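Top to bottom, those sequences are chains F and U.
Just so we're aligned, residue 1 is where the first sequence starts under UniProt numbering, counting upward by one.
Just so we're aligned, residue 1 is where the second sequence starts under UniProt numbering, counting upward by one.
In case anyone wonders, no lab produced these hints; they're calculated from the structure.
What you are looking at is a predicted structure, and each value in this text was computed from that prediction instead of being measured.
A virtual CB, placed ideally from N, CA and C, is assigned to each residue, including glycine.
Warning: the hint list may mix true and false statements.
[To be verified] The following label-pair restraints were derived from C-beta to C-beta distances:
1) F:D426 x U:A352: 27 to 35 Å
2) F:E380 x U:P494: 33 to 41 Å
3) U:Q263 x F:D393: 56 to 64 Å
4) F:L239 x U:R297: 57 to 65 Å
5) U:M479 x F:P235: 47 to 55 Å
6) F:D172 x U:F574: 33 to 41 Å
7) F:S49 x U:I370: 32 to 40 Å
8) U:Q162 x F:D393: 48 to 56 Å
9) F:D172 x U:P494: 51 to 59 Å
10) F:S49 x U:Q162: 27 to 35 Å
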Amino acid sequence: MATLAPARPLVEIQSLRHFYGAPPGGHLVLDDVNMTLVENEVVGLLGRSGSGKSTLLRSIAGLIRPREGEVRFLPNEDCLDPSVAMVFQTFALFPWLTVLQNVELGLEAQKVPADERRTRALAAIDLIGLDGFENAYPKELSGGMRQRVGLARALVVNPSLLLMDEPFSALDVLTAETLRSDLLDLWSEGRMPIKSILIVTHNIEEAVLMCDRILVFSSNPGRVVAEIKVDLPQPRDRLDPSFRALVDDIYARMTARATAAQATRDGLFPGTGTAMVLPPKVSTNSLAGLIEEVDAAPFEGRASMAELADSLQLEADELFPMAETLQLLRFAELRGAEMILTPLARRYAQGDVDQRKAIFAQALLAHVPLAQHIRRILDERSSHSCPARRFRDELEDHMSPDYADETLRTVTHWGRYAEVFTYDEDADQFSLDNPE
Amino acid sequence: MSPERFSNRVLPPFSRMLQLTRPNKADAIAFVILAALALLVFRGAEGTVQPLATLHLEPVTLDPAWLPYYALRTVMRMFAALVASTVFTLIVATAAARSRHAGQLIVPALDILQSVPILGFLTFTVTFFMGLFPGNVLGVELAAIFAIFTSQAWNMAFSFYQSLRSIPADLEEVAQGFHLSPIRRFLKLDLPFATPALVWNAMMSMSGGWFFVVAAEAITVGNTTVTLPGIGSWLAIAIEKQDFRAIGMAVGMMAVVILIYDQLFFRPIVAWADRFRFEQTASGDGPQSWAYDLLRRTRLLPLALAPLQAIGRLLLLAFDRVVTAPKPKREISDNPWIERLYRALVFAALLAAVWFSARYVLASLGLRDIGEAFGLATLTMLRVIILIALASIVWVPIGVWIGLHPVWAERLQPVAQFLAAFPANVLFPFAVIVIVHWNLSPDIWLSPLMILGTQWYILFNIIAGASAIPNDLREVADMFGVRGWQWWRQVALPGVFPYYVTGALTASGGSWNASIVAEAVSWGNRRLEAHGLGTYIAKATAAGDYPRVALGIAVMSMFVLGFNRLVWRPMYAFAERRLRLA
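Make the full structure from the sequences, and use the hints.
Encoded structure:
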């Protein structure tokens with residue numbers, strides 16, 4: 001349906017930049033983002049957490065004023081004052097208001113008369129299929145129904161642009177699928193007042209399923225690194241070979257970016273040397289699980305990222321940090337949309353607990369400068385212990401306190417597993433000796 | 001749950017409603033109750049605007065026929081203070097949460113005011129309020145109300161501020177995204193979100209208020225003595241005349257009054273506020289209240305309230321037009337020079353305040369007096385520490401046992417809360433008799449009075465903590481046969497610790513406050529005094545020695561603040577870091 005009329009632009013975003021924190025040393029989250037949304041399209045923003053896609057969405061919604069650049073709404077004849085409304089990942093319903101009152105909230109703020117308010121709210125509730133639940137409180141509804149209320153609340157104010165911030169990621173797979181197809185039906189039948197949809201997601205399949213255009217974001221800082229047009233006819237079939245090919249292609253692009261980053265710098269994570277920002281919440285258990293999975297039967301040491309994500313029920317957002325950690329430790333190579341285990345990793349997969357730990361320790365000390373640094377300091381000191389504060393301060397010279405904290409926590413977790421050093425939470429210090 | 005819980009009655013047009021609505025039985029009962037309350041309020045209010053001389057013409061007597069009237073006057077004072085505290089809270093705490101500059105000023109101020117001994121205020125405020133309405137009872141009434149207000153307002157405001165700061169970001173974004181005007185935002189988001197905590201805090205504050213109303217009604221400052229009609233004055237006279245029967249009657253009256261306003265006021269409000277609890281999942285039955293159910297069943301009440309609602313809506317519309325939703329600001333802070341100027345101004349004002357109070361105190365007092373005050377404060381602190389330790393040893397095991405037996409917890413929790421609400425100073429005369437009879441040392445045996453009223457905070461917090469220990473942890477302990485000291489060390493104590501800290505913090509703050517009335521106690525013409533800062537302030541107040549009162553208050557505030565910073569805050573941090581479940 002995007003081809004019916006010449007696409008009229010709806011929103012223009014020009015050289016948008018945004019920082020968090022104080023101006024001089026602020027953390028750059030969005031860097032030079034340019035894009036135009038036109039009528040009658042569904043656009044997806046795809047990227048990792050921390051790629052600033054939510055920040056971009058909030059800039060368009062007017063919730064955040066970006067430091068530089070501008071977001072411009074372009075009026076046209078049948079839509080003089082384009083407006084936006086947002087659907088939240090967490091639903092963001094007021095628990096003390098009924099479904100009807102929640103939906104009426106935006107109209108009330110616009111001072112719409114009570115009668116008209118009620119009629120419009122009831123129509124919206126009807127549209128998203130919540131008839132009969134008008135006077136229920138949110139806590140009485142299931143997750144999927146709550147998100148329907150969130151959708152009705154956004155639609156009832158007649159926005160020209162609907163913003164969706166990971167709208168399905170807090171729902172179970174089945175509910176998400178139903179809601180997604182209901183939304184697509186309403187959209188393709190033109191029953192919603194909206195002109196265009198912008199949806200943030202980190203689920204690649206979801207993006208391919210719903211969007212006419214996908215913008216891929218890099219992280220730290222967020223930039224648009226690729227723009228992919230999806231020309232498959234709706235409704236789309238996940239098992240269709242061209243659908244699969246497109247998903248694979250996006251995986252490949254996202255991987256290629258990671259590989260390119262590695263070629264230009266000595267780390268694929270932002271920052272260099274000991275100041276490298278390590279990914280949070282990548283546990284050695286899940287790393288081991290990933291290695292075993294790729295090492296075992298169907299894959300035999302070589303797996304496509306899309307298939308891996310499928311078989312492990314992981315979203316790209318979760319899979320990429322793990323894959324890149326394996327790459328950092330030289331346990332795997334990412335080539336195209338594929339992950340290939342190195343011989344070291346295959347040895348790891350076959351080893352027993354102690355062998356695994358030894359292999360991991362070697363890799364950790366060889367390829368993670370921060371771990372190396374901590375170990376060296378501990379070796380040098382006669383007490384073989386050192387307050388963690390010291391390393392945190394060193395890291396904070398190069399990154400925000402939050403990142404420093406997370407990086408240190410990650411390296412602590414890896415170091416403990418590899419038995420390279422240990423950490424005492426009460427005393428907040430690293431040491432070499434184990435308790436007992 | 002009853003079906004009408006889900007009913008979302010839409011008010012039909014006014015005229016149609018008049019035809020449809022016929023009063024039912026609930027209407028009749030509600031009418032009787034409301035009419036009786038209105039009558040009582042008018043009767044009580046009459047007395048507050050008499051000339052001051054009436055207090056001498058109709059002195060408080062120990063005539064039982066007058067006792068209900070005195071109770072009415074006292075309760076009205078307390079509710080007046082509660083209303084004032086609520087208004088103060090809504091304005092000040094909202095300002096602190098909305099404006100960064102206001103917050104920088106208000107939050108530390110509330111923190112300090114919370115630790116200033118409330119009874120110390122009385123000396124200064126009585127003179128001030130009597131000056132406002134010379135020759136009228138109203139001035140003294142206001143002074144008493146202000147004394148109660150100071151015991152309620154600070155912690156209510158603080159809790160409201162903390163609630164506002166913990167509003168989930170997504171709800172804030174919805175409010176912002178729909179451009180809710182500030183007043184609408186306040187009514188739709190801020191107020192509902194903070195209501196449950198505010199109601200709970202108001203209940204606790206009301207309990208605390210009893211303690212001070214007893215002290216605030218019979219006020220002696222220097223050579224001015226004012227006795228307002230009320231239960232507090234009744235008690236003061238009963239103590240003077242050594243009348244046991246009168247004291248017993250006052251205690252009974254208080255119990256009745258507390259029961260009545262709990263049933264008619266707080267329970268309905270708690271039942272109503274339950275809908276604002278921030279939870280996305282349905283939990284079991286909420287709190288019940290027969291009075292609330294009755295009001296909901298009435299047919300005429302919504303009708304009577306409809307005009308009020310309409311007026312409210314009109315006001316809202318008018319207000320909306322004046323103030324519109326603010327646009328989001330760029331995250332760059334304001335001009336750094338304005339920022340610096342603001343800080344410099346605040347600092348200068350603070351310095352000036354310290355300078356003037358120091359000059360005032362030092363004009364008549366020397367370093368020796370300051371040293372004396374510190375010495376006495378140390379004595380009082382020693383008492384507080386020992387008493388908290390003793391109360392903990394007694395109540396922690398009992399509280400844990402009760403908390404782990406849900407049946408008993410349900411029965412005893414309200415009892416503990418009632419005991420906390422009960423003004424312990426009523427019982428002080430009994431202690432005096434015992435001490436005099438056995439010829440005991442007041443320095444030691446007056447001390448328990450300080451914690452008589454505040455120990456219950458420890459008990460009911462422990463009960464709450466123990467019932468919150470997850471069942472799976474208890475089952476693990478059972479399965480491995482963990483018992484004895486190991487069970488206490490690894491299961492019970494860590495489980496209740498965060499709750500214990502809350503309870504002990506409240507209890508210690510309350511004990512400091514109570515020391516002013518608990519360290520110097522009298523029965524008829526017998527007067528017992530323990531050495532301590534409480535006695536120091538009480539004596540200075542009675543003598544109208546303002547510099548000493550100021551010095552005493554300042555030293556006590558410093559000790560309480562120091563105690564909070566050095567003992568309770570680190571314990572909180574520890575509980576937060578290590579003992580948080582999940």
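* To do: Would you list, in rising numerical order, the hints stated earlier that this structure does not obey?
  => The structure conflicts with hints 1, 7, 8 and 9, although it agrees with all the remaining ones.
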